[in-house]
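Visitor: So you can see what is in the structure, the chains are spelled out below.
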Amino acid sequence: MLLNEYLLLAAFLFCTGVYGALARKNSVLVLMSIELILNAVNINLIAFGAFNHTVAGQVFALFVIAVAAAEVGVGLAIVLLIYRNRHSIDLDKVDVMKG
Amino acid sequence: MNGFDHWVLSGAVFIPIIGAIVIGFIPRANEVQIKAAALLTTLVTLALGVYLVASFDYDSSGVLQFAVNRPWIDVIHSQYHVGVDGISLPLLVLSMFITVLCVIYSWDHFPEPHDPKGFLILMLILEVGMNGTFVAQDLILFFVFFELVLLPMYFMIGRWGGARRQYASIKFFLFTLFGSALMILSFLALYFKAGGTTFDIPGLIAYFSDPAHALAQTTALVIFGGLFIGFAIKVPMFPFHTWLPDAHTEAPTVGSVILAAILLKLGTYGFIRIAIPMLPGAAASWAPWIGGLAVIGIIYGALCCLAQTDLKRLIAFSSVAHMGFVMLGISTLTSYGINAAVFGMVAHGLITGMLFFLAGSIGERYGTREISRLGGLLVQAPRLGWILGFCAMASLGLPGLAGFWGEFPAILSSFAPSGALADHLGLFRAYMVIAAVGTVLAAGYLLWMFQRVAFGVPKEEFEKAHIHDVHMPEWLSWTPILLLIVILGIYPHFLFKTTNGAVNQATIGVPAPVDIAPGSGAAAAAGAPAP
Amino acid sequence: MTWFLTNAWLIPLIPALSFVVILLFGKRLPNKGSEVGVIAVSASFVLAIGTAIAWIQRATSGEEHLRPAANNDLFLWFKFGPSETHFGIHIDGLAVMLLFVVTFIALMVHIFSLEYLRGDRRYTYYFAALSLFTASMLTMVSASNSLQLLLGWEGMGVCSFMLIGHWWEDKANSDAALKAFLTTRTGDIGLLIGLTMTFFLAGQTFDIEKINQAALAGHMPHTLLLVAGIALMGAVVGKSAQFPLHTWLPDAMAGPTPVSALIHAATMVVAGVYLVARFYGVFSQAFHIFTPGNSGFNLVAIIGGVTIIIAALLAFVQHDIKKVLAYSTVSQLGYMVMALGVGAWTAAIFHLFTHAFFKADLFLGAGSVSHSGSHHSFDMKKDMGGLRKQMPVTFVTFVIGSAALAGIFPLAGFWSKDEILVGAGHNGYVAFMVIGLIGAMMTAGYMTRCVWLTFFGEYRGHGHPHESPRQITGPLIILTFMAVVAGWVNGFGLHYFQKWTANPVVESAMRLGRVTEAPFSWAAAALSVTLVLIAIAFAWAYYEYHAFGFLHGLTERNATAKAGYTFVEQKYYLDHLWTDVVVGSIKRPIAAGAYWVNQHVIDGAVNGTAAGSRVVAEFVYRYIDQDLVDGAVNGTAFSAEEGGSILRRMQTGRVQQYAAAFFGFGVVIIGIGLLALTHSF
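Protein chains in written order, with our numbering: chain A, 8 to 106; chain B, 47 to 577; chain C, 37 to 717.
Derived by calculation from the structure, the hints in this document are not laboratory data.
Yeah, the Cβ is synthetic: ideal placement off N, Cα and C, and Gly gets one too.
Treat the hints with caution; some may be incorrect.
No farther apart than 27 Å at their CA atoms in a straight line, the calculated lysine-lysine pairs in the BS3-like style are these [to be verified]:
1. C:Lys-418 to C:Lys-359
2. C:Lys-418 to C:Lys-607
3. C:Lys-207 to B:Lys-505
4. C:Lys-598 to C:Lys-418
5. C:Lys-607 to C:Lys-207
6. C:Lys-359 to C:Lys-598
7. C:Lys-115 to B:Lys-543
8. B:Lys-505 to C:Lys-623
9. C:Lys-425 to C:Lys-359
10. B:Lys-510 to C:Lys-63
11. C:Lys-207 to B:Lys-510
Residues of chain B placed beyond 12 Å of chain C at every Cβ, according to the derived structure [what the hints assert, rightly or not]:
12. Ile-72
13. Phe-102
14. Ser-106
15. His-160
16. Leu-194
17. Tyr-200
18. Pro-248
19. Gly-555
Using the sequences provided together with the hints, build the complete structure.
Guide: So this is what it looks like as structure tokens:
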């Protein structure tokens with residue numbers, strides 16, 4: 008079994024996620040992109056775990072999935088509030104942190 | 047010496063602080079209790095003073111009596127050494143006496159912003175400092191007490207004073223503090239020059255009087271210079287006097303009285319107690335300058351008085367002139383001169399203190415101290431007016447009243463200054479003439495003031511005003527002063543017998559007066575009746 | 037009788053106690069305290085008479101008579117330095133004579149004042165002051181040491197001040213009081229210096245007896261002795277109103293008339309004369325009064341002589357009767373001082389003795405005139421004239437007093453003045469004898485004018501003149517009696533007065549110069565009486581009969597005469613010199629200048645130091661603390677702020693940009709990390 012294929016897949020997913028997180032205007036899509044990034048990490052973890060014959064990788068992956076679920080919940084709640092206040096989920100228009 | 051004698055001086059110094067603490071615990075609203083506590087404290091202190099006067103040994107007034115000497119700050123060999131001799135006793139008692147009268151006078155006279163509690167506490171702390179300075183026989187102890195009087199007086203002027211009180215109190219404080227800084231340097235120099243073993247005043251005097259330990263001329267001159275500036279500011283001598291008129295003008299009446307009666311004496315007392323006995327040689331070198339500044343002060347103070355329009359400021363400048371006489375006496379370095387100086391200090395304390403009381407009372411009644419607006423005081427308040435006249439007469443040095451015995455012997459002594467000043471004989475005789483001219487100017491400004499304030503008829507604005515004559519607290523606080531002015535004036539031996547021995551002791555290191563007429567009366571000079 | 041001599045200290049003590057009693061209780065007594073004063077002075081007077089009799093017995097009873105009696109030390113007064121001074125009473129002929137004169141005149145004046153000041157608003161104060169004055173004067177004349185003398189001397193000055201300014205509501209009166217006090221005080225500069233110098237010259241003692249002995253013994257350096265003498269002379273000039281400090285005495289007439297009689301005619305103003313007489317050892321040695329071959333001039337005699345003439349001249353131009361008498365007093369005091377200057381010691385104090393009576397008589401007479409004749413005015417030209425009919429007693433007593441003053445035989449003034457003139461001639465002071473004669477003629481002239489203006493001619497006032505009541509005429513009659521007979525104690529060649537007042541100091545001084553007392557001379561007496569009578573006749577003719585017509589109105593016609601008159605009328609401009617030039621310049625420009633210096637130079641220096649410290653502090657604060665030290669701190673802040681505003685632009689608020697930057701930096705750092713890792717291997 009070769010590790011490379013899994014790593015390449017994970018890298019591809021990661022890059023897709025990064026692109027989506029940085030470039031998309033729609034905040035829901037940004038959240039989904041972040042999921043991609045996290046899942047890229049999950050693939051890496053499981054691949055390394057299987058490769059090294061330990062379950063530690065799968066355990067960590069399970070943790071990540073749990074955290075990601077919580078994160079998506081909070082993130083969607085934020086998005087929902089932004090939408091309620093601004094009637095838009097366009098991230099370019101959310102610049103209250105501008106100094 | 048019985049056990050009580052050991053404690054009496056410490057009691058005299060520290061009882062007022064106990065009183066101040068007690069008053070601190072009395073609620074601000076209980077004014078009568080506060081006043082009663084203050085009066086009681088000062089009376090107890092005065093009672094100790096009376097005990098001192100009664101049991102003082104006048105035949106050995108040159109020796110420290112009621113002395114207590116205990117270790118205090120061992121690291122720098124400073125001791126708690128207190129004692130009185132014939133020079134400090136009159137001043138100590140004067141300080142106790144005046145404080146009592148000030149408490150009585152203040153009874154219902156508290157200046158704005160009222161607050162008897164704070165005022166009386168400050169007054170009691172002031173008394174601690176004053177009494178302490180007069181009994182301290184250790185340089186550090188002296189310095190502590192000397193400085194202790196600054197703060198209460200600063201607050202007294204700064205809080206209860208007139209319109210420009212901020213300026214006046216700061217000026218007073220900084221001026222005197224500046225002098226103290228130089229003074230403590232000189233104290234330290236004396237300490238180290240004596241081998242760093244003691245701050246004890248009699249000990250240091252004894253140490254330096256030994257020819258083996260004599261200081262180099264220049265060193266002594268510089269050390270004396272530091273002491274001179276420190277004390278001269280307090281006196282105050284021309285040209286260090288400018289804090290005085292402002293402080294007096296702005297201070298509340300009682301503050302002015304204490305300032306004039308006691309605080310100014312701390313400076314002259316320092317000269318007699320410390321500067322001259324410790325460094326007689328340097329004193330002789332400085333004396334012509336001191337005498338010169340003294341007579342300038344006499345004439346100059348008098349001229350400034352003539353130019354005043356404010357009653358209190360006029361009296362303040364008259365202090366400069368009178369303290370000039372005291373300093374002239376000291377500068378001759380003779381027994382006559384220094385006796386005159388001590389007498390002059392007591393007399394000035396009584397007379398000028400009294401004049402400030404009067405200025406305060408007049409200002410309170412008329413709401414102004416502007417001389418040009420006053421007039422006809424004798425019509426509206428004859429007793430107050432005559433007391434003012436009496437004090438003016440006392441202040442101008444009328445024989446038969448206390449002021450004369452400070453003034454005339456000072457003039458007398460400058461005719462024949464100490465033998466150490468033989469080179470400056472002509473100079474001192476010129477001082478004598480100038481000082482004598484000063485007595486006429488004194489008569490001039492005082493009587494002119496009296497004429498404008500008391501004679502004539504009241505000015506239009508006060509024609510209808512109801513002016514109270516002297517009332518009870520005023521009688522109570524003034525009568526003792528007036529009586530003392532008369533008693534000391536008629537029977538000066540009362541005071542001279544106390545000072546003479548101590549003065550002779552203090553001038554022991556200085557040569558006797560210049561002999562004027564050799565062979566014409568050696569017997570009389572020795573005090574024996576001629577055949 | 038010696039009881040009186042040893043207890044003479046009671047004489048000054050009684051009026052002193054009376055002063056205290058009147059001051060404390062006077063207002064509550066039925067007669068407002070006047071009774072206390074009268075009783076006290078009467079008691080002193082009785083004691084003084086007793087003392088005088090005791091002294092006369094003692095003085096005429098043998099060897100001892102020259103030594104002063106009584107105790108020189110009652111108690112130790114003070115002791116400082118090596119010298120002791122005792123408060124004591126010194127009784128000798130001079131003191132006894134003055135004790136008698138002072139208590140006598142004081143008693144007369146007290147009685148006179150009972151009526152004269154009845155209803156005065158300060159009746160009690162007045163009597164208190166009179167008592168204090170009497171006590172002071174008696175202390176002075178019986179002083180055994182020079183400070184005690186000074187005590188009495190200044191005490192009198194204060195009473196004089198209080199009494200001249202008695203009606204102080206009026207500024208003119210208080211001005212006069214101030215002028216009197218300050219002028220005499222100016223002279224007292226000399227007294228302070230003189231007493232100081234004699235103290236040291238005599239070997240540190242205030243004892244007058246010892247000072248005189250030491251001066252006569254010749255141990256003192258003459259230069260210093262001369263300076264001391266000149267200084268003491270200053271006190272004499274001030275107190276006894278001698279030229280040029282005489283200007284206060286006429287102004288002092290602002291006080292009540294009995295006060296003028298007591299203080300400013302009979303007693304206090306002779307204090308200067310007394311001073312010279314008392315310190316005659318010092319004066320005679322300092323000014324070489326008896327030294328053989330003296331030039332016939334000395335300071336004392338010159339001052340006396342000048343005063344006689346200039347004061348007499350001034351008396352001619354006065355309108356105010358009291359001022360005539362005041363200048364006359366100045367002139368007569370000039371006689372006494374001149375007499376002392378020419379060595380006629382007995383004559384001087386004899387003149388003092390007689391002058392007290394007739395001058396007090398004249399002043400009280402003037403008081404009587406103003407009280408009952410001229411409606412409280414003293415202006416002879418406006419409010420008097422022709423009063424001899426309505427006021428016969430006053431008239432007679434006044435005329436006799438004037439005649440005594442003018443020196444008509446055999447009244448009191450004749451004997452004493454004659455003795456002065458003879459003494460001056462005898463001791464070689466011929467010029468002063470001539471001055472004395474001229475002065476005598478002038479005295480006669482101005483007194484004639486005064487009497488004529490007051491009692492003769494037509495009444496010019498607006499009141500209802502009547503004779504004064506008995507409290508006023510009584511003292512007048514008694515004093516007139518004394519003005520007649522007082523001279524006889526030394527007149528007709530009897531010389532009792534001389535024996536009773538003989539003074540060891542004076543006799544030693546005279547022996548040094550081998551001078552004797554001048555004998556009485558009928559020729560000289562005749563000459564002086566003739567001259568005086570001529571002067572009276574001349575004046576009388578001039579006023580009563582308008583004789584010498586060319587003289588009337590001369591001052592209007594002749595410029596020189598007019599200038600001279602103005603010069604005299606303006607009192608030689610001395611008042612202007614003292615009041616305007618000296619006092620004015622001290623009061624205004626000099627005092628103001630000194631105060632200016634104080635406020636601007638000295639206080640300026642203080643405030644300047646303060647201001648300077650503040651400038652320095654400001655500099656330190658602004659440029660060093662704020663710019664340099666704080667500048668570093670602030671610089672940090674500033675750069676942070678500036679940097680922030682630049683960086684701020686980066687803070688767009690867009691989360692994605694932040695994330696991009698974060699990612700970018702993350703990549704870069706990881707890249708660097710990787711490079712570093714790979715290179716390290």
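Visitor: Hint by hint, note whether the structure agrees.
Guide: Now for the hints, and whether the structure bears them out:
1. C:Lys-418 to C:Lys-359: Answer holds: C:Lys-418 to C:Lys-359 is near 15 Å, not above 27 Å.
2. C:Lys-418 to C:Lys-607: With Cα atoms ~21 Å apart, C:Lys-418 and C:Lys-607 stay inside 27 Å; holds.
3. C:Lys-207 to B:Lys-505: 13 Å, holds
4. C:Lys-598 to C:Lys-418: With Cα atoms ~23 Å apart, C:Lys-598 and C:Lys-418 stay inside 27 Å; holds.
5. C:Lys-607 to C:Lys-207: 21 Å, holds
6. C:Lys-359 to C:Lys-598: Holds, because 21 Å separates the two Cα atoms, which is no more than 27 Å.
7. C:Lys-115 to B:Lys-543: 7 Å, holds
8. B:Lys-505 to C:Lys-623: Since the Cα atoms of B:Lys-505 and C:Lys-623 sit roughly 22 Å apart, the hinted pair holds (cutoff 27 Å).
9. C:Lys-425 to C:Lys-359: 24 Å, holds
10. B:Lys-510 to C:Lys-63: 26 Å, holds
11. C:Lys-207 to B:Lys-510: 21 Å, holds
12. Ile-72: 40 Å, holds
13. Phe-102: 17 Å, holds
14. Ser-106: Label holds. Min Cβ-Cβ 15 Å, cutoff 12 Å.
15. His-160: Since the minimum Cβ distance to chain C is about 31 Å, B:His-160 lies beyond 12 Å and the statement holds.
16. Leu-194: 24 Å, holds
17. Tyr-200: 16 Å, holds
18. Pro-248: Holds: least Cβ distance 22 Å, greater than 12 Å.
19. Gly-555: 16 Å, holds
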